[in-house]
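**Student:** The listed protein sequences correspond, in order, to chains A and B. Just so we're aligned: 58 in the numbering used here is position 49 of the first sequence, and the numbers increase by one with no gaps anywhere. Just so we're aligned: 118 in the numbering used here is position 109 of the second sequence, and the numbers increase by one with no gaps anywhere.
Simulated from the structure, these hints should not be mistaken for laboratory data. The structure presented is a predicted model; accordingly, all values stated were derived computationally and were not measured. Among the hints, erroneous ones may be present.
Repeated chains share a single entry, so a pair holds when one copy, or any two copies, can fit it.
Unchecked claim - Think about it this way: if two alpha-carbon atoms lie no more than 25 Å apart in a straight line, the pair counts; the simulated DSS-like pairs of lysine-lysine are:
#1 Lys187 - Lys145
#2 Lys203 - Lys145
#3 Lys138 - Lys181
#4 Lys124 - Lys181
#5 Lys138 - Lys184
#6 Lys124 - Lys184
#7 Lys184 - Lys145
#8 Lys202 - Lys138
#9 Lys60 - Lys27
There are 2 protein chains.
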Amino acid sequence: MQQRSEETRSKIIESAIKLFSSRGFNAASVDDICADAGISKGAFYHHFESKQALFLALLDGWLQTIDDAIEASKDKSAPETFMRMTEAFPYIFQSAGNHLPMYMEFWLQASRDEKIWQATVAPYRRYHKYFATLIKKGIDEGSFAEMNPDVAARLIVSTAMGLLLQSLLDPKGAKWEKVARESTTMLLNSLVKK
Amino acid sequence: MQQRSEETRSKIIESAIKLFSSRGFNAASVDDICADAGISKGAFYHHFESKQALFLALLDGWLQTIDDAIEASKDKSAPETFMRMTEAFPYIFQSAGNHLPMYMEFWLQASRDEKIWQATVAPYRRYHKYFATLIKKGIDEGSFAEMNPDVAARLIVSTAMGLLLQSLLDPKGAKWEKVARESTTMLLNSLVKK
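Modelling step: build the complete structure from the supplied sequences, incorporating the hints.
**Tutor:** Here you go:
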């Protein structure tokens, strides 16, 4: 039973990504998603409270890869943790892929709905805090040069968001995964103690 | 006559910013803009081919501040040119202000319309080239350390876009103008030859 429930959830998510990307977040209805996934509306609402809740779950699943990479390297040195995160890049840039309209529509909703807005800004605020702590740790352990951890964390989160936005706006404009790796290496190089 | 025409153009732009921000790009019609600006539809179309053309003009005006800062410092050293650009920050972050819905709607259109998409990606492609050239100049004149100008330029443009996106998503989350100045200083510090 547990397994069947998991399968249903996966089917919903798969259909949602497909329909949100092709038709857009607003145009794709819960009915459409149920029809595509071959499930009942009852089953849908058993898993997700609303279409918005489903979208937030997609966003969470996507961020989970980064969180997993962070978790896996928690006993490593700060520079090593940093580089470990690049292992999530292929998945991140593949997920971002051609989903610009989906994100744009969602952010547009976020700008007009307090609850969605909170859920949208929460992750990057969390990453800002996380990186500030990581940089502080790196300075304390002697692997990073003296710097303002807060400013450096802003720089890192901004770079990540800017790269993602560019890869969304212009998927074919560069090899974004490669650009992200090279940028991370350069950024890390500017942090480490010489 | 020339002066009156300039005044009309300014009135249109002022009303457009006001209505695009409050009602959204799609909901604000050319009729609404004309009514708010107190001008005829003929006068509107004398200045702008379409509502889209008007939006692109807004975007251009906004980028002009950066271009002016670049132009004003073309005979300076690379690091100095870099710092000069921060003078455009107050204007940039003030313009970004609470205009998130306007940009989101526009980017959404961009993702579905080839012409707007071209106009949207053109500026950041241009800035990428510009910064790659500036960094190359800095390395040649001996003020910047040896590095890959292309990667460094990606880093700079990504940081700028990420900061803007965050300031749009979360205007009250930080003092973005201050954050941008500090980030620029840290970034520049990582480029200069020690």
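**Student:** All the hints need checking, so say for each whether the structure fits it.
**Tutor:** How the hints compare with the structure:
1. Lys187 - Lys145: between (28 Å within a copy, 21 Å between copies)
2. Lys203 - Lys145: both (17 Å within a copy, 23 Å between copies)
3. Lys138 - Lys181: between (32 Å within a copy, 16 Å between copies)
4. Lys124 - Lys181: between (33 Å within a copy, 16 Å between copies)
5. Lys138 - Lys184: between (29 Å within a copy, 16 Å between copies)
6. Lys124 - Lys184: Between copies only: 23 Å across, 35 Å inside.
7. Lys184 - Lys145: Between copies, since 21 Å is at most 25 Å while 32 Å is not.
8. Lys202 - Lys138: The answer is within: 22 Å in one copy meets 25 Å, while 30 Å across copies does not.
9. Lys60 - Lys27: So Lys60 and Lys27 pass the 25 Å test inside one copy only (14 Å; across, 31 Å).
Hint violations for this structure: none, all hints satisfied.
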